[in-house]
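Protein chains in written order, with full-length UniProt numbering: chain A, 1 to 144; chain B, 1 to 251.
Keep in mind that the hints were calculated from the coordinates and are not lab data.
There's no promise every hint is true.
In silico contact screen, one side only, chain A against chain B (beta carbon under 7 Å); selected entries [unchecked claim]: (1) Ser17; (2) Lys33; (3) Val35; (4) Val45; (5) Val46; (6) Ile48; (7) Leu50; (8) Val59; (9) Ser61; (10) Ala71; (11) Val72; (12) Leu75.
Computed far set for chain B versus chain A, every beta-carbon distance over 12 Å [to be verified]: (13) Gly11; (14) Ala43; (15) Arg80; (16) Asp107; (17) Gly160; (18) Glu168; (19) Ser173; (20) Glu177.
Label pairs and their in silico Cβ distance ranges [to be verified]: (21) Glu32/B with Asp32/A: 25 to 35 Å; (22) Gly47/A with Pro135/B: 52 to 62 Å; (23) Glu4/B with Ala60/A: 40 to 50 Å; (24) Pro135/B with Gln49/A: 52 to 62 Å; (25) Glu63/A with Asp28/B: 34 to 44 Å; (26) Gln225/B with Gln49/A: 40 to 50 Å; (27) Ala53/B with Arg74/A: 36 to 46 Å; (28) Arg40/B with Leu66/A: 55 to 65 Å; (29) Pro193/B with Leu66/A: 16 to 26 Å; (30) Gln49/A with Asp210/B: 23 to 33 Å.
Glycine included, every Cβ here is placed at the ideal spot set by N, Cα and C.
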Amino acid sequence: MTIATNDGQAGGALQRSGSSSGLADVVETVLDKGVVIDAQISVAVVGIQLLEINARVVVASVETYLRFAQAVDRLDITPRNQKGLPDLVQGATGAVTAGKAASGLGKTVGAIGGAVRDAVGELGTDRERERPRRRRRSEEQHDE
Amino acid sequence: MSEERGLFIYGIVPSDVEPTPDASGVGDPPGEVTVVRHGRVAALVSEVPLQGALGRPADLTAYQELLDGTATVAPVLPVRFGTVVTGPDAVVDLLDAHGDRFAAVLDELEGQVQYVVHGRYDESALVQRVLDDNPSAADLADQVRGQPEEATRGQRIRLGEIISQAVELRRESENRELLDTLGPLTVAGVARPPSNELDAVNVAFLVDADREDEFVDAVEDFAEQRRGLVLMRLLGPLAPYDFVNAHQLAG
């Protein structure tokens with residue numbers, strides 16, 4: 001990993017990821033999105049088994065309340081400014097990905113951002129980014 | 001054992017798009033991504049066995065990476081994950097029937113990508129903020145602090161509820177502020193449902209490529225103003241997942 005450019009506090013406050021940085025992000029980004037082509041529109045649509053993927057639905061509950069109350073308890077134990085491990089990790093990564101690496105394309109930034117995982121799970125996002133290229137009409141067209 | 005196969009459709013693109021040879025799709029082993037063209041539009045597809053199930057993390061990632069990668073070079077209309085048709089003929093039928101509509105949407109999306117701005121509260125900073133702002137919460141905090149959970153359950157639930165409601169109110173206003181701030185710099189913006197109790201903001205934006213730098217700068221400013229309180233992330237560039245619902249074919 002290339003943690004180099006900035007140290008914690010000096011870094012930007014914004015963490016960048018080219019694509020998503022964990023399964024939770026992927027699920028949230030792609031699930032139930034996109035154009036729907038159902039069987040009524042095209043009889044050629046084939047039903048295929050989809051593994052059950054649960055997006056998290058946030059519903060406040062007594063458990064949530066008790067957890068927040070525990071956070072109040074932790075306020076006493078935890079000296080100010082001291083953060084839990086996930087926060088530290090996220091903070092550090094934020095520093096790395098911050099700043100003007102910005103407007104670039106996702107690839108490098110994404111690889112770095114990939115160090116941060118959401119709690120739900122992780123998966124390798126280090127694969128080369130598959131990127132169809134666009135054939136300009138003016139270019140010679142070659143058949144595949 | 002005869003293997004029935006179908007074509008998984010990733011998205012609709014202008015017909016001058018072609019996948020790079022290393023593009024790999026869903027399935028195990030990953031299918032080879034190809035293009036079915038018809039007129040001005042085309043579909044990115046790959047073969048999948050019909051017996052297998054799809055939706056492993058790797059499948060979702062492959063789907064997203066292909067679409068996001070495409071979005072950086074050409075407009076792309078994501079097709080809902082899991083859409084499989086019988087074969088190339090079916091894809092052509094689809095493109096034939098809806099090509100004009102697809103082409104119009106792709107023209108609109110030309111030069112645009114999606115970004116997601118996601119922020120999550122630092123829990124202790126947030127709780128501290130709520131206690132500072134709300135005397136009755138601070139009072140309850142004094143009652144439960146250091147006391148066993150069983151003995152203070154009622155107070156804890158009330159306290160947690162106050163905090164939870166405070167988060168919801170703050171989230172609403174943070175989302176609104178983000179939309180107001182970035183609205184002038186973007187084509188469109190839409191708040192997404194929270195993915196965590198501690199979500200502070202979660203908004204998808206459609207951004208013109210030539211305003212990306214400006215947009216990113218503005219998000220950085222927004223993040224800077226919340227340093228220490230909200231952990232801000234910017235995901236993208238992505239395919240316009242959150243901006244195609246209006247173009248659903250249904251109906």
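Results of checking the hints against the structure:
With a least beta-carbon distance of about 5 Å to chain B, the hint placing Ser17/A at the interface is held under the 7 Å criterion. The beta carbon of Lys33/A comes within 4 Å of a beta carbon in chain B, closer than 7 Å, and the hint placing it at the interface holds. Checking Val35/A against chain B by beta carbon gives a least distance of about 5 Å; that is within 7 Å, so the hint holds. Interface hint status for Val45/A: upheld, as the beta-carbon distance to the closest one in chain B is roughly 6 Å, under 7 Å.
Residue-level restraint check for Val46/A holds (minimum Cβ-Cβ distance to chain B is 5 Å; threshold 7 Å). Satisfaction of the interface hint for Ile48/A is found here, the shortest Cβ-Cβ separation to chain B being roughly 5 Å, below the 7 Å cut-off. The interface hint given for Leu50/A holds, since its Cβ lies 5 Å from the closest Cβ of chain B, which is under the 7 Å cut-off. Using the Cβ-Cβ criterion of 7 Å, the hint placing Val59/A at the interface with chain B is not satisfied: the shortest such distance is roughly 9 Å.
Interface hint at Ser61/A: violated, since its Cβ lies 9 Å from the closest Cβ of chain B, which is beyond the 7 Å cut-off. Hint status for Ala71/A: holds, given a least beta-carbon distance of 5 Å to chain B, under 7 Å. Checking Val72/A against chain B by beta carbon gives a least distance of about 5 Å; that is within 7 Å, so the hint holds. The beta carbon of Leu75/A is positioned within 7 Å of a beta carbon in chain B (closest approach about 6 Å), and the interface hint is therefore held.
Not every C-beta of chain A lies more than 12 Å from that of Gly11/B, the closest at about 7 Å, which undercuts listing it as non-interface. The Cβ of Ala43/B does not lie farther than 12 Å from every Cβ of chain A; its closest approach is about 10 Å, which violates its non-interface assignment. A beta-carbon of chain A comes within 12 Å of the beta-carbon of Arg80/B; the shortest separation is about 4 Å. No beta-carbon of chain A is positioned within 12 Å of the beta-carbon of Asp107/B; the least distance is around 15 Å.
Against the 12 Å criterion, Gly160/B falls within the reach of chain A, whose nearest CB is about 3 Å from its own CB. Against chain A, the non-interface label of Glu168/B is violated: not every CB pair exceeds 12 Å, the least being about 8 Å. For Ser173/B, the non-interface assignment is confirmed: its Cβ lies about 17 Å from the closest Cβ of chain A, beyond the 12 Å cut-off. Under the 12 Å C-beta cut-off, the non-interface status given to Glu177/B relative to chain A holds; the minimum distance is some 15 Å.
Glu32/B and Asp32/A have their C-beta atoms about 27 Å apart, which keeps the hinted 25 to 35 Å range intact. Remark: the range hint 52 to 62 Å for Gly47/A to Pro135/B is upheld by a beta-carbon distance near 58 Å. Here the CB-CB span from Glu4/B to Ala60/A is close to 46 Å, well matched to the stated 40 to 50 Å. A hinted range of 52 to 62 Å for the beta carbons of Pro135/B and Gln49/A is consistent with their spacing of about 55 Å.
Taking the beta carbon of each, Glu63/A and Asp28/B are about 36 Å apart, inside 34 to 44 Å as hinted. Separated by about 47 Å at the C-beta atoms, Gln225/B and Gln49/A satisfy the suggested range of 40 to 50 Å. Between Ala53/B and Arg74/A the C-beta distance comes to about 42 Å, which sits within the given range of 36 to 46 Å. The hinted range of 55 to 65 Å is satisfied by Arg40/B and Leu66/A, whose Cβ atoms lie roughly 57 Å apart.
Under the hint 16 to 26 Å, the C-beta atoms of Pro193/B and Leu66/A, about 23 Å apart, fit the expected range. At roughly 43 Å, the beta-carbon separation of Gln49/A and Asp210/B lies outside the given 23 to 33 Å, and the hint is violated.
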